[in-house]
Every structure is written in structure tokens, then in C-alpha cells.
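Which chain is which? The protein sequence lines are A and B, in order.
According to numbering that gives the first Met the number 0, the first sequence holds residues 0 to 342 in order.
According to numbering that gives the first Met the number 0, the second sequence holds residues 0 to 676 in order.
If you're looking for bench data, these hints aren't it; they were derived computationally from the structure.
Glycine included, each C-beta is placed from N, C-alpha and C at the ideal position.
Hints are not guaranteed to be accurate.
[Unchecked claim] Stretches of chain A that chain B covers, calculated by requiring three or more beta carbons in the stretch to come under 8 Å of a beta carbon on chain B:
#: 1; stretch: 22 to 29
#: 2; stretch: 140 to 151
#: 3; stretch: 197 to 204
#: 4; stretch: 233 to 241
[To be verified] Lysine-lysine pairs mimicking DSS-like chemistry, simulated, CA-CA at most 30 Å apart:
#: 5; chain 1: A; residue 1: Lys118; chain 2: A; residue 2: Lys97
#: 6; chain 1: A; residue 1: Lys97; chain 2: A; residue 2: Lys190
#: 7; chain 1: B; residue 1: Lys221; chain 2: B; residue 2: Lys203
#: 8; chain 1: A; residue 1: Lys190; chain 2: B; residue 2: Lys132
#: 9; chain 1: B; residue 1: Lys256; chain 2: B; residue 2: Lys221
#: 10; chain 1: A; residue 1: Lys188; chain 2: B; residue 2: Lys132
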Amino acid sequence: MLPLELFRYGTRMKVLTFAIGICVAFIVGSFAFANGLNATVQEITGKFEKEGALVYAGDNLTSSLIDESAIAIGSPHISVGIAEALLNGTSYVFFAVKDPANLLGQDLVPSPGEMLAGKDVPVRGYLTITSVEGSVTLFANHTYSSTMFPTYWHLVRWEDIVKLRQALSNRTSFMIFTSMTDSLESSIKAKGLSLQPMPGIFGYFNAGANQVTNDLWLIIIPSSFIVAMLVYSAIAMETKDRAKEIAILKTIGANNGQIARIFMFQAFMLSLLGAIIGIVIGIIISYAISTSSSVVIENSLFYLKVTEYSMLVALVCTILAGMLGAIWPIYRASHQKVREAMT
Amino acid sequence: MRSPASLLLRRRTIIAATLSLVIFTATISVLMGISSLPKTMLGNADVYVITSKGSESVLTSRIDVQLAEMLLENRFVTNASPEIFAFAEYRGEPVTIRGVEFGQFMSVERAVLVSGRLPQGLSEALIGTRLAKRLNVETGDSIPLVGSYSRAVAEARLVGMLETTSGVGDELIVSLNLSRDLVRMPSNQVSIVRVTGDMEFLSKVFAPNTPRFSIFDLSIPKKEVVVNSTVQVSLKVKNWGDADGTVRVLLRDNTDKVTLFDSNLSIAASQTVILTLNHTVSRPGNHSLLARCFGLLPQSISTTITVRNPYLIVVAPERVAQFSSFSVTVFDNRMSPVENASIDVGGRATLRTNASGQCEISLTLPVGDIELIAEYQDFEGGTATVEVVNSSSLPQEVDIQVYKITLTPAIVKVRENATVAVFCQNFGNVSGSRTITIYLNGNLFSQRSVYLNPLQIKVFYYNVSFTTAGDRTFTSDSVSETLRVESLYQLNPGLVQFLLRFGNTGSLDPSRGDLIYTTAKISEANIVIVLVSLAILSATLVTFGVSSSFMKEINNNMRIIGILRSIGASSRQLSWMIFRQAILLSIPGAVLGLLGGILLAYLISLSERLLAFGHVVYPMIDPGVVVAAAAGCIAICVGSSLIAGLSASRRVTIRMIRGTREEALEGPTLRELLGEE
Chain A
0 MLPLELFRYG
10 TRMKVLTFAI
20 GICVAFIVGS
30 FAFANGLNAT
40 VQEITGKFEK
50 EGALVYAGDN
60 LTSSLIDESA
70 IAIGSPHISV
80 GIAEALLNGT
90 SYVFFAVKDP
100 ANLLGQDLVP
110 SPGEMLAGKD
120 VPVRGYLTIT
130 SVEGSVTLFA
140 NHTYSSTMFP
150 TYWHLVRWED
160 IVKLRQALSN
170 RTSFMIFTSM
180 TDSLESSIKA
190 KGLSLQPMPG
200 IFGYFNAGAN
210 QVTNDLWLII
220 IPSSFIVAML
230 VYSAIAMETK
240 DRAKEIAILK
250 TIGANNGQIA
260 RIFMFQAFML
270 SLLGAIIGIV
280 IGIIISYAIS
290 TSSSVVIENS
300 LFYLKVTEYS
310 MLVALVCTIL
320 AGMLGAIWPI
330 YRASHQKVRE
340 AMT
Chain B
0 MRSPASLLLR
10 RRTIIAATLS
20 LVIFTATISV
30 LMGISSLPKT
40 MLGNADVYVI
50 TSKGSESVLT
60 SRIDVQLAEM
70 LLENRFVTNA
80 SPEIFAFAEY
90 RGEPVTIRGV
100 EFGQFMSVER
110 AVLVSGRLPQ
120 GLSEALIGTR
130 LAKRLNVETG
140 DSIPLVGSYS
150 RAVAEARLVG
160 MLETTSGVGD
170 ELIVSLNLSR
180 DLVRMPSNQV
190 SIVRVTGDME
200 FLSKVFAPNT
210 PRFSIFDLSI
220 PKKEVVVNST
230 VQVSLKVKNW
240 GDADGTVRVL
250 LRDNTDKVTL
260 FDSNLSIAAS
270 QTVILTLNHT
280 VSRPGNHSLL
290 ARCFGLLPQS
300 ISTTITVRNP
310 YLIVVAPERV
320 AQFSSFSVTV
330 FDNRMSPVEN
340 ASIDVGGRAT
350 LRTNASGQCE
360 ISLTLPVGDI
370 ELIAEYQDFE
380 GGTATVEVVN
390 SSSLPQEVDI
400 QVYKITLTPA
410 IVKVRENATV
420 AVFCQNFGNV
430 SGSRTITIYL
440 NGNLFSQRSV
450 YLNPLQIKVF
460 YYNVSFTTAG
470 DRTFTSDSVS
480 ETLRVESLYQ
490 LNPGLVQFLL
500 RFGNTGSLDP
510 SRGDLIYTTA
520 KISEANIVIV
530 LVSLAILSAT
540 LVTFGVSSSF
550 MKEINNNMRI
560 IGILRSIGAS
570 SRQLSWMIFR
580 QAILLSIPGA
590 VLGLLGGILL
600 AYLISLSERL
610 LAFGHVVYPM
620 IDPGVVVAAA
630 AGCIAICVGS
640 SLIAGLSASR
650 RVTIRMIRGT
660 REEALEGPTL
670 RELLGEE
């Protein structure tokens, strides 16, 4: 049967199919690279325990205010109030902590009338702290030690932070959760609050690997273009070679659509075959690279990963590109004049 | 009508090749951009990065922050910026945080502050313009941060924006304190130190895999020796590289012009060799001893030793009574009594000392000062002044006073012995006793009780040595003398100190660009393998793309080839024709393709949309690769046309033999269509 005689011109078609295969292998390989990076990142972040999250309203901690009674989140957490204020002419951040569930495992409440200075800014003596909203005089004689808060924030009692920032009398600046579940996370986000998972390396890696995945369009577009070009030249050669056959088909009554279908089917088969070959080559190459690099490079956690998704993308892109590439030569072939073709 | 030049290949054939080359050039430059991304993160080409030796990545690197301080003291370093990396996410974007000392950082980075000011407070930060754009923040905003590897919270207030040519434009620059809080790093450590300066020199210092040597601790046990005595000179040579090696070491007395040692020493990795040599000094004066090591890092240390002739010390009373005899003792410089030394008593008489170095003087001397001069062989003479008084003028009391302290020698090395002689005399006319107290640097050193007759003297001798360098002042009554104790080892020059302390702690790399990859335990080699594989695949498919379009074109013109063959064109003539046409076509095609590719890469660069781990990937154009790609493209065009043309010509000729007229008029496919084949 004529349409399925794919390899009538033997070597030429075989080479072209193989070429399309290489192109698809390129797409599959690039995806495998990005997927591998993602998988590696997941593996790395999997080594860190998720240790909770920082929850705040709006864009930053300084301006954030959360009405805890209104949002009604029952899970145990640490509530922190912060205020910016001047001390001896320098602006510092002062904070107070409410930790009813003792999640911090330490008492971060200074004695009445006292404050605890940050290790990096060990102020001493009776100090008057002034903010836009008010002032308070506190005695500083010690520093506090905590790995949770910056070493240049000063710790005060909640009633003193309220004097510096009245809104904190019934609100909280931000909350720290020491454990986080997916349902809790989504309920917090549903209340319009911002959430940053801790430690930060999770978010960094995930967002970073996503960027790499997003870069893949740069691979797919040129590869698809080349697939289109390959199919174009294949079909163009084919229609040229078969000009007389097409003319005869037309003489015996075939219409343009029928002619087009025959070659469209051929283009489809060519792309499909190429895609399948390409995916197989891609998987083999990816596997080979992964294996060889883990042999050559000790302790390599990196590998290439071919996923169903990437195979599907490669397949669809190739077939679409192939069909697109075939349109022009098929159009010309189906609209060619019988007389011209026969002479 | 076609021109003969494009008889077989139409001009438009090159479009496919040009487009393929555009894509190939852009793809390759993107791949190269990805592979060099980590380098751009670490700064410009002339910035070197010091990481701790053997650390897997910039992140596991831990460096003593003092390294940066010491580097700055050395003239071969212009700027040294200690830095700590932390990581966070904000508004869905990965944020790389770099803790720095702003002054040094700005100099190393050569960053330009495009708005705002430099941070002053510990919570203030700068942000790169590109990151600011992605996060949609500006000066005055605050960014909440969480600990990178553990629970912690902090907030950075943006006070300025900076622009750089390196990856720093994609980062948040905070104080060292803030970044330490985020990664829980001890206050004396940083992740890396980035340096600028004499890179040739620095790369020699920080290359752990090569043997490198330093000489140090040049020592002589004595500060002062007499002529012709032998001193033991010692020098340490250390190989602080990770490989065994040989170094030439020279030790020389520059005053005597004598080379004590000049030869190659083989020293195993991380080993120290102690060189000990005996040196006999002949000429008096200050001798300069110079130690020098050659090789990668030439260094020299020098020290001096004082050589003098042996000398005499005269021990005599400060004051003597007229008409009574007194005793004088002569010692040599080692405090041994000297026998048969001559003593000139004020030019009045010359007396000789006995076996115990003593000499009894019982001359009638006038009231006043008398100078005693002792001489013996080639020893330097010793002198003492004695005041002759009338005994009736002496006070009627016991008056025991320390009148002199001598230190022999006056300058010593650590652990070298010195003799402290404390002279006291009863200046009164009554016998009696007193406790003499000697202080060393204001602290009690010794207390001795002494009973003396009128004008009798007593000398207390102490042998002292000290284990640390510094001045030691001996005081008793109103007399004081200072003994200088010098370090046994010659002070190592700044460079040597630096090498000894940090020479084996860090490794320096201009392209230590593994931040992202090794973060994920992916070595750069992995990435290179992958990127090279992708590049090869890309090149292969460009080959197919280009060759298929050329083959198609030749195929289209098979009839012309057939005609040419039939009218007698030889294979050679045909090849030349195809070759010439392909070349003429492909050269402008390749040039256009390259220009297009470079333009495309530039557009990708401009868009700043190609991102990886919070950093913009800038496609890189390598002239070598570009030229190779163009040459390859031309070769593919020509090659594929030749192959197609020649194989086609063969086919056509065969058919021509079968039926020349029919073939020439109607082409070959009709026969196939009619099923005659």
C-alpha cells in the first residue's frame, strides 16, 4: 500500500527517522537533566527535617500584625511581638515572646523592669527606649542566648513591648510553628497569612529547581523546530519523488483532501517512529550518563531521570512539530497541476 | 532562469542551515552559560576564592576569620572579603543570602551602589538589582528570613541596591552577624574568603597539591660569643603541601662570607626537617646569618650574632682607705679567674694576679681616683676605678651599700646563661651587717645577709637564664642594670607567619564555582558530562537538519545531474560544481547563522529570564566554539551535497544506460509507477 511504504527510499527515510530520534533524545535528555536535578534536590532536602514554619501577615515581620483570636489556629506555636525603637540614638529591634507550650525549651521572659540585650549589641545600665508610640525605661545587665532570634535583637517583656507598640496589646507580630503539617499549612495560607517553611533550604532548593525546569522551553522550542525541518524535507522529497504518482491518483479521482491525508499520515508515522526511537535513545543515554558519572565520580548523588511526563512532552512536541513541518509540502503536492507533474 | 552558480542548489536551501546554526549557537551558549553559572556567582575573573582545604563545597567550607585579617596585612593582597552563604525563599523565588563585611565586599566585588546607602546596622542589607526586580522589592522594604538549616528567624531591611557584573546582582547582601544567625556559624568562622591582589603569588600559596616549603625558626643559642668559638645554628624547613618534594635551602654567614649549607632537602608531605649546623666564627663584630629557601615561594630570614674578643672583668672595691691594702680579682668573660694577668695601678706599679685571679695591692696611694687596668694576652682589657679616701673621713657607722651590678653578657638568648654580679661594700667605719635585697623587674629576686668590716667588699654572683624573651631589670639600692633576653628564634617575617598558620588550611581557586552543584553533592564533572552530552546531541541534530535540506535540494535536481552526466560531465567535474556551489552558499549562510545565534543568545541574556537557583544564567559566546560551529556547518553543507550529488549521479547514469531518451525526457519515476521495475 502506498501511504505506508515509509522506507521506499530506504536509507534516506531511515536516516531521517533516526535524525528525528536524535532530536527527541535531546529533548528527553534535557528533561532528564532537569528532573534529575529536581530529584537530587528532593533527596537533599529530604535529609533535613522540616522544622516548622514562620507565619506572618503581609510582606515583612516589622509591619506584620496577626489577630490570633480572629484566625483561631489551635496548634501550639510561639507568638512574637516586635517593635523598632531608639536606644541611645540607635535604632534597634525589641521583641517579646509568648511561648505557652514551652516550644523553645527556655524561658525568654526578662524579670519585671529589665531587658536582656542581644549578644552582638550588649548594652548595659538603665536605658530609656523610645518609639513613635511611647517609651519605657528598663535595666539591662545581661544578654540572652537563643538560636532562634537574631543576636542583635533585644528581648523585653510583653507588657513593655506594648508600651512601644500599642497594637501588640491584643495582637502578635508573627508566629513560629515548630512543626508543620500540610493541612495546617493550607489552613494558614487560606487565612491570607504568609508562610515560610523552616529551615529555608527547602524553599530555596525547590524554588531553584523549578527555575531550571522552567528553562526547558529553551530546549523544546529549537528541538521542535529542527524536527519540523526534518519532517519538512522528508515530506518535500517524498512528494517531489511521487509527483507523478500523485498526479495519477488525482486523474483517477482522488481529491486534494485525500492526497493530503495520505502524506499527513506518512508525516505522522515518521514523527511517531522518530519519537519512539528518540525516547528509547534518550532513556539509554540518560541511564548511561547516570551510571558512568556515578562510576567516574565518587559519591555522586546526581543522576538523570526520565519521567512519563517528559516522555509525553517529547512525543507530543515531536508529532506536532512533524505535522506542522509537513503542511507546506503536502499543500503544494495536493494542489499541484496534474499536467505539470506528468511532464 | 537559474544562474549557473545555483544550478544545483537554490539560495533558499541555506535557510534551513542558517536557522539550524542559529539554534545551535544559541543552545551551545546557553549550555556554556549554565556550566559557568557557579563561577559568576563567585565574582569576576580576577577574584580568587579561598575555601577550607578538602571541603566538598563552598557551603561546607569553614575558614578562620583571622585569615582575612592576616591576608590584609600582607602586601600581596589588596582586598579580602570574608563571606558566609545562607539560603531562603521569598515570594516563591529562591534567595541566595551572602553575609559580608560591606567595605571589603564592595571593593572585591567592585559593585556599584545604584540607590540608597551602605548598611550600618546589623539588620540592614543591600540587594542586587536583578533580585529586587524579581522579588518586587525596593529600598526601605524588609524581607523576613528563616534559618537555612535550622529554626531561626530574622529580618533584613534593605537600605541600598547594588549592581555588579557577577552573580551578586541576584543576591541579598547582609551583615556577617545576620548570616551567622541564619546558618549557626561560630563567630570566628566564615564560609569563604574572596581575595584580590597578587594572584600569581596567592595561587602559589593556596595550591595544596603541590609541595611548598617555608623556612622558619632560625636560631642560635647565644647572642654573644667570643672569637673562634663554635655556635650551633638551627633552622626548620617545613613542607606544608600534600605532596613530597625537594627544596634548595641556603644558610650563609654574610660577614665571614661562609656558606654553611647549600643543598636540596627532600621533605615528605606535611613534614618538618630541623637543620642543625656548627658554625665557627672567626672575625669580631656583628655577624649576619641568612637563611633562604628557593622554589615556588622564596623566603629568607636573617639573624645576627655578636662576636667579640675575650675580655677581662676587674672586680675591685669602690672605695679604699689610704695606707691600707686591698684585693682586686680579674675574671674573664666566662667569669673564670684569670691567672697572671697584669694590673696597672694608676701607672704607679704593675702587679700580677695569682691562680685564683687575685692580686693584693698594698701601695701608698694618694687620695683620689685611681684607675686599675687589667691586661692578659689578647683579651680585651678590663678596667675599674677605685676611690682612695682618708679613713678618718669615713662615717662612724655601718654603711653597707650595693655600688655596682654587672651582667655578663648583657644580651642573651632565651635559655642562655648570664651572670649577674652584685657588688656591695661597707662605706662606713664600723663593722656590721645588713640584708641586701635584689629586685628583678620590681619583684623580690634575692635577699642576702652580709657582714662587712669597714671598706670590705662582697660580690654576690647569680647565674640566671630565662625561658621567655624580654628585658629583665635587676635593681638593688640605687643601682640597676637591664639584661636583654632575646627570642631564641629569629622573628619569622609576616609571610612566614602567615604560611605557618594558614598555609595548609585553605585552597584557592579562581573557578571554585561549585556552590550550586556541590550544594546538592553534584560535582562539576557530572554537570560537564551532561552538558557535553547535550551539546553533542545538539550538534548531531543540527548535522541532520542541515544535511537533510541539502540532500533534499540535490535530490530535487537529480534530473539536472542526469542531464549533466549524459552530456558528458565527469564525476570530478560534477563534484567540483557541487562543491563550489555548496561553498558559495554555505559561507554566507554560516555567517548569518552565527550572527543570528549570537543575537538570539544576546536576547536571552537581555531578557534575564533564564534562571537557575536564584541566579540569572547568561549565555556565553566562546569565539572558538563559534568558529568551530561555523566551520562544521560549512563542512556539513558541502559534504552532504557532495554525497547526495554523487550518489544521485551514479543512479541516474545507470538508468541512462538502460534508456537514455525516455529517462531524459520523462524522469525515472514513471517506469516505477508503471511497475516496470
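Here is what the structure says about each hint:
1. 22 to 29: Holds: 5 residues of the stretch 22 to 29 of chain A have a Cβ under 8 Å from chain B.
2. 140 to 151: This one holds; 6 residues, not fewer than the three required, reach chain B with a Cβ under 8 Å.
3. 197 to 204: holds (count 8)
4. 233 to 241: holds (count 6)
5. A:Lys118 to A:Lys97: holds (21 Å)
6. A:Lys97 to A:Lys190: holds (21 Å)
7. B:Lys221 to B:Lys203: violated (36 Å)
8. A:Lys190 to B:Lys132: holds (27 Å)
9. B:Lys256 to B:Lys221: holds (20 Å)
10. A:Lys188 to B:Lys132: holds (24 Å)
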